[in-house]
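Undergrad: Residue-level listing of the chains:
There are 6 protein chains.
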Amino acid sequence: MTRLLLVNGNTSKTVTQKLLAEAERHAGANVQISAITARFGADLVSDRASNVIAGHAVLDAVAHHQDPYDAVLVAISLDTAVEALREVLSVPVVGMTEAACWQACLVSNRFGVVMPDRNTLPLYRERILNYGLRERLAGLRAIEATVQTHHAAPADSEAALRAAIMDLVVNEGSEAVVLAGASMTGLQRRLQPLVPVPLLDGIASGVILLEGLIRLNLPPSHVNGPYTTTLSGLSGPCTELLSGLPSARTSI
Amino acid sequence: MTRLLLVNGNTSKTVTQKLLAEAERHAGANVQISAITARFGADLVSDRASNVIAGHAVLDAVAHHQDPYDAVLVAISLDTAVEALREVLSVPVVGMTEAACWQACLVSNRFGVVMPDRNTLPLYRERILNYGLRERLAGLRAIEATVQTHHAAPADSEAALRAAIMDLVVNEGSEAVVLAGASMTGLQRRLQPLVPVPLLDGIASGVILLEGLIRLNLPPSHVNGPYTTTLSGLSGPCTELLSGLPSARTSI
Amino acid sequence: MTRLLLVNGNTSKTVTQKLLAEAERHAGANVQISAITARFGADLVSDRASNVIAGHAVLDAVAHHQDPYDAVLVAISLDTAVEALREVLSVPVVGMTEAACWQACLVSNRFGVVMPDRNTLPLYRERILNYGLRERLAGLRAIEATVQTHHAAPADSEAALRAAIMDLVVNEGSEAVVLAGASMTGLQRRLQPLVPVPLLDGIASGVILLEGLIRLNLPPSHVNGPYTTTLSGLSGPCTELLSGLPSARTSI
Amino acid sequence: MTRLLLVNGNTSKTVTQKLLAEAERHAGANVQISAITARFGADLVSDRASNVIAGHAVLDAVAHHQDPYDAVLVAISLDTAVEALREVLSVPVVGMTEAACWQACLVSNRFGVVMPDRNTLPLYRERILNYGLRERLAGLRAIEATVQTHHAAPADSEAALRAAIMDLVVNEGSEAVVLAGASMTGLQRRLQPLVPVPLLDGIASGVILLEGLIRLNLPPSHVNGPYTTTLSGLSGPCTELLSGLPSARTSI
Amino acid sequence: MTRLLLVNGNTSKTVTQKLLAEAERHAGANVQISAITARFGADLVSDRASNVIAGHAVLDAVAHHQDPYDAVLVAISLDTAVEALREVLSVPVVGMTEAACWQACLVSNRFGVVMPDRNTLPLYRERILNYGLRERLAGLRAIEATVQTHHAAPADSEAALRAAIMDLVVNEGSEAVVLAGASMTGLQRRLQPLVPVPLLDGIASGVILLEGLIRLNLPPSHVNGPYTTTLSGLSGPCTELLSGLPSARTSI
Amino acid sequence: MTRLLLVNGNTSKTVTQKLLAEAERHAGANVQISAITARFGADLVSDRASNVIAGHAVLDAVAHHQDPYDAVLVAISLDTAVEALREVLSVPVVGMTEAACWQACLVSNRFGVVMPDRNTLPLYRERILNYGLRERLAGLRAIEATVQTHHAAPADSEAALRAAIMDLVVNEGSEAVVLAGASMTGLQRRLQPLVPVPLLDGIASGVILLEGLIRLNLPPSHVNGPYTTTLSGLSGPCTELLSGLPSARTSI
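Residue numbers (our numbering), protein chains in the order written: chain A, 1 to 252; chain B, 1 to 252; chain C, 1 to 252; chain D, 1 to 252; chain E, 1 to 252; chain F, 1 to 252.
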């Protein structure tokens, strides 16, 4: 039995359910997925300040999760707090957009990224460049759909997405396209037949990469000396998680 | 009267007092500085996870500060949450290490960075590269002093710092050196006479840059469309700050 | 039943057997691996000219393989002809060093690479930089072991490898290390207990990434117009492979 | 009393007066500004060859200035000879475009640059990239206004500038915009109300940064060994300046 | 007497004759050029897989050439196998596109590249970036002409080329333009009068650079230790070439 | 008859004679070289300020040269004013260090640079990076020899140079090495037999590249609109050169 922990860094439980459903669709036979949701912050993070809050919320949600797990999928599309979780946990941790970009690199020379919400474009750009993927990123495009407009007129937002994808293919040389945005998960299945390049979804990509990392069974990276800081003002579970107490670093 | 708000993202009030003292030493005649301290997190942030927490703590501390201010100095040496604060406030915001690096660029072609605590070296490296300063960064060095060892044997840690600075000068071509780390603020005054290149301190640099930005009197950058997210689970002041309510975006 | 095709671009069948054994050790339950060997070229490629020959040999070997397969693992450590195979096949293709680097990026911020044979260091450097991984590559080290010296005195070459790994960790900030070189596959299992960072092997990494890509079930990237070139002087199977005849682009 | 020396590297005294007026508008209470003009070269430098001449003219003008000063503002928008002045003087030296870019980085994630005269666009591009600001530079735009056309129809050139600024904001993601070109100084005050991002002017930015650097009171960088070259054919003051005679390196 | 060996990595002998004629037009007085053609592969390489084959074909063609020569011009526009030939031969080796780019850098600050066949654009892009010329490459454009359409309506393809060149000049800031593609060699002579920037042809550029390298008379680079690999399955001449036997490394 | 103009941007006529002698040694049969010397500035430029002066001196020297010429070799090792000369002249212009680096790229994958005088190392570093050659530059080394010490004990400085070259080969992976510094021209002939990689000299490289560019017979790049600046305070010939009067743009 493999146990994945999916952490939605947004507070929307509707989105968590959607992410979980997509994750379960792609999970292997013996994989059980638990989904948890940020207990505070924005329902759908799309600015820098609520993304900072989401960092705490992701750590907090993981810290409060009692049951053991073998890997963590950070299911907020800015991959918030991924590196911090990797530091405090002993199990593999992957962010959903990171996962999609990595899979894109394995099937293309250069990939593009499409997202809803123009406000988030620079945030995705920075995140992907910070991963060191400048040479592989062909371009980014935002469509003007919100979750609301998408639900109101899905055909319209799908047409806009398809146009943005084709723009990335024809004008930027994208050989694959990442569909970014937690609220859009699953859309790749509808759009894939309409475009000539592979579409990558973060949840599908992440579940599969994590199952693989669990099989690789690597030890965590222990390059740092001991920490001597004192924590205060945090919940008990958060304090334990950051203190590196064994109980909080699960797998078994 | 100019009012600076200094936010220590570490929870150590001793450090806050030290930072405030250094800031006041460099502040102009009509400048009044208020210093606030993170209400939760690590006493001295030196790892990724407590830095994520510090992001929330910085926003929280600013949100809970009732009095008006004209600029914010983020006084945690990883410049935690600087971009997020810039997004939600209408006043200038500068991080202490960012400030030191920027001043270093104005007096040298390439600069180095010295810090206590080897664990933090990659975090500084990432932060400075994310500022886009790869071409200007000559190198980084960590000494093995903690605040404790520094207080126990200041001459030893100063000798180690001086050796690290000279290493950066001779072997990396550093023409200026940034002394990073909130706990080390003020040390540049003791070390400057002993080395042949200018030493930059984040608090001195930041106070001066902020006073200048206040005088430049620029409007904030309004490039984004309206945000439609819903916040939950946050304190009232934090919610106001992230919601962009005018009361929270001070300057008068 | 999932069928992987492992292509050794070196002509050494001993190495092929070793690679196949390592691949089978990491393969999933329903995975069947066929291993084929370059029919011409160098027994162990370590220079640019024989690597150019290996490119043809990899295509040739794949072209002559009659049975269907679902993915291809290019098991020559310079990942020779990976992009070309991706272009002509409809199934996922991954190179062994590419796979190890990708897995390294998912468990570390920056990774190092260790290899036998100083002559090949610049070739690995170029290959990894061409993948666009400059920001993630902490450093490279070569030890002076050949396969012969390794077999003659394995303890010596393991000690040298361990020293090189620790050099990458301590002096270059590597948080993970890729063990490169087809002839060294499997050594990561012996060395892992001796070092504080995860060690990545290309065969283990590649088998697992390919199984994941098969599950993702992405269509190939069709961004190019029709090709109008005429081929001559090649074997029938090679001509078919490059002509894009359906029979040669397998998966069923 | 703080004494700034403003050096116009163009030979146009009309421009010098304009630059001085703008500088005085932004200077602090106890700041006295002396403005000097290049004694030879182009009235408004806009090509590489006259920019080379302007380098000499800037050094020459500074060398011939007898009165002491505490900092130098290089008021030619290609920041000509800034690094050379920094080398031979003991006081802070800042270029006007460098100053504007630095201030832009403190208020935005990525900034754009607008300039009159298409011929100079590649020169600005090179200068800003040589500062190492590639990651922060969102784009550049030139309008086709000369000083003459601007004076003849200021509303037209302002409309063109505003359009170029909005193009940089909307299509390149610029969160701030630098108005480059000595002849355009002051225009930022008229255009600022018309655009949604902060506009940076080199003179305002430079005066303020220099006042700050004077307060920081850093020693010059002494990393080089003694120079042994012999100068000839230069004016006495220029020879003194380049020889490093104390009389020429002012501040007191 | 100087003897150049021109190697067409495409199998089209018509193209070889065209390349040889262009080379002879630019060769110096005492230069004798021998042209050889790939014995297998694509008539005009325009995809990754046939480019991989061309690598072998280039080495094979050179290996089978019995007469001595003083330098090699790799006359396939993706410069296939250039680095490998440099490794095994003792004489200068230059690729035609590399040569054109290098000459472009000597007459411009940034250059563009025009090519027939949209399919090859990413291949040129990668090749030129791999040369490290990112900073000098202003842009790339493909026209939709094939050799066939060019022969059928040369005026049309010339008009398309001219439009693409002007696009690179006006919109990308190209100060010179490389005409890429072996089949287009010589066209620069017809187009040069119609455009305001220098046009570079790979054959003209390469012949001239090679004559210069012969005069420089540099020793080859011997930085590697001895190779110990065993070759098999190759023709006798190829085996000799890769084994570094003196008979195969000509000049005399 | 081909006429090269060699411009020494240093004022030392002894160096000019040495440069001319080296140039003549490498020039082709029908090449006549005229050598001119900067009329003002440093005898051997090794700092930023005298390099700025040298820019004017190079333009001045060329402007005052009455006889026609077909190409210009800028024989000061920081390649001072090369781009400016290219802009105002109609004939090919190459800098000596640029020439050596370009030739190095044609015979190696990565090259190193050795120079006398530690003070100049950052200036060479900047110049070569500004050429966009970061990916090809393996490293730089300075020896502590001045022209004086070299003349006093040539064997010592040659031993130091050889050691620096071997350091670049062994520790930085340099496959070729540029010997930089006008005063060192010709030394490559003595050192070449002692090292295993090709050594590049700027004068030899430049003469040969220029002869090649003359044969390529490219038109100058005319991408700019008309200049409208007014010049003053310059000598008549300098004014003519910068005004673009045909008499000053020679070749015939």
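Honestly, the hints are just simulated from the structure, not real lab data.
Being a predicted model, the structure only gives us computed values, none of them experimental.
Hints are supplied without guarantee of correctness; some may be wrong.
So these bits of chain B aren't anywhere near chain A, every CB distance computed over 10 Å [unchecked claim]:
id, residue
1, L85
2, A163
3, N224
With the Cβ distance kept under 10 Å, some of the chain C side facing chain E (calculated, not the full set) [as the list claims (entries may be wrong)]:
id, residue
4, R48
5, L129
6, D156
Glycine included, C-beta positions come from ideal geometry on N, C-alpha and C.
Undergrad: Now look at each hint and say whether the structure bears it out.
TA: Do the hints match the structure? See the list:
1. Remark: the non-interface label on B:L85 conflicts with the geometry, its nearest Cβ contact in chain A lying 8 Å away (cut-off 10 Å).
2. Even its closest Cβ contact with chain A, about 19 Å, leaves B:A163 beyond 10 Å, as expected for a residue assigned away from the interface.
3. Not every Cβ of chain A is farther than 10 Å from the Cβ of B:N224; the closest lies at roughly 4 Å, contradicting the non-interface assignment.
4. The beta carbon of C:R48 is positioned within 10 Å of a beta carbon in chain E (closest approach about 4 Å), and the interface hint is therefore held.
5. With its C-beta approaching chain E no nearer than about 9 Å, C:L129 sits inside the 10 Å limit, and its interface hint holds.
6. Taking 10 Å as the C-beta contact cut-off toward chain E, the hint placing C:D156 at the interface is violated, the least distance being around 18 Å.
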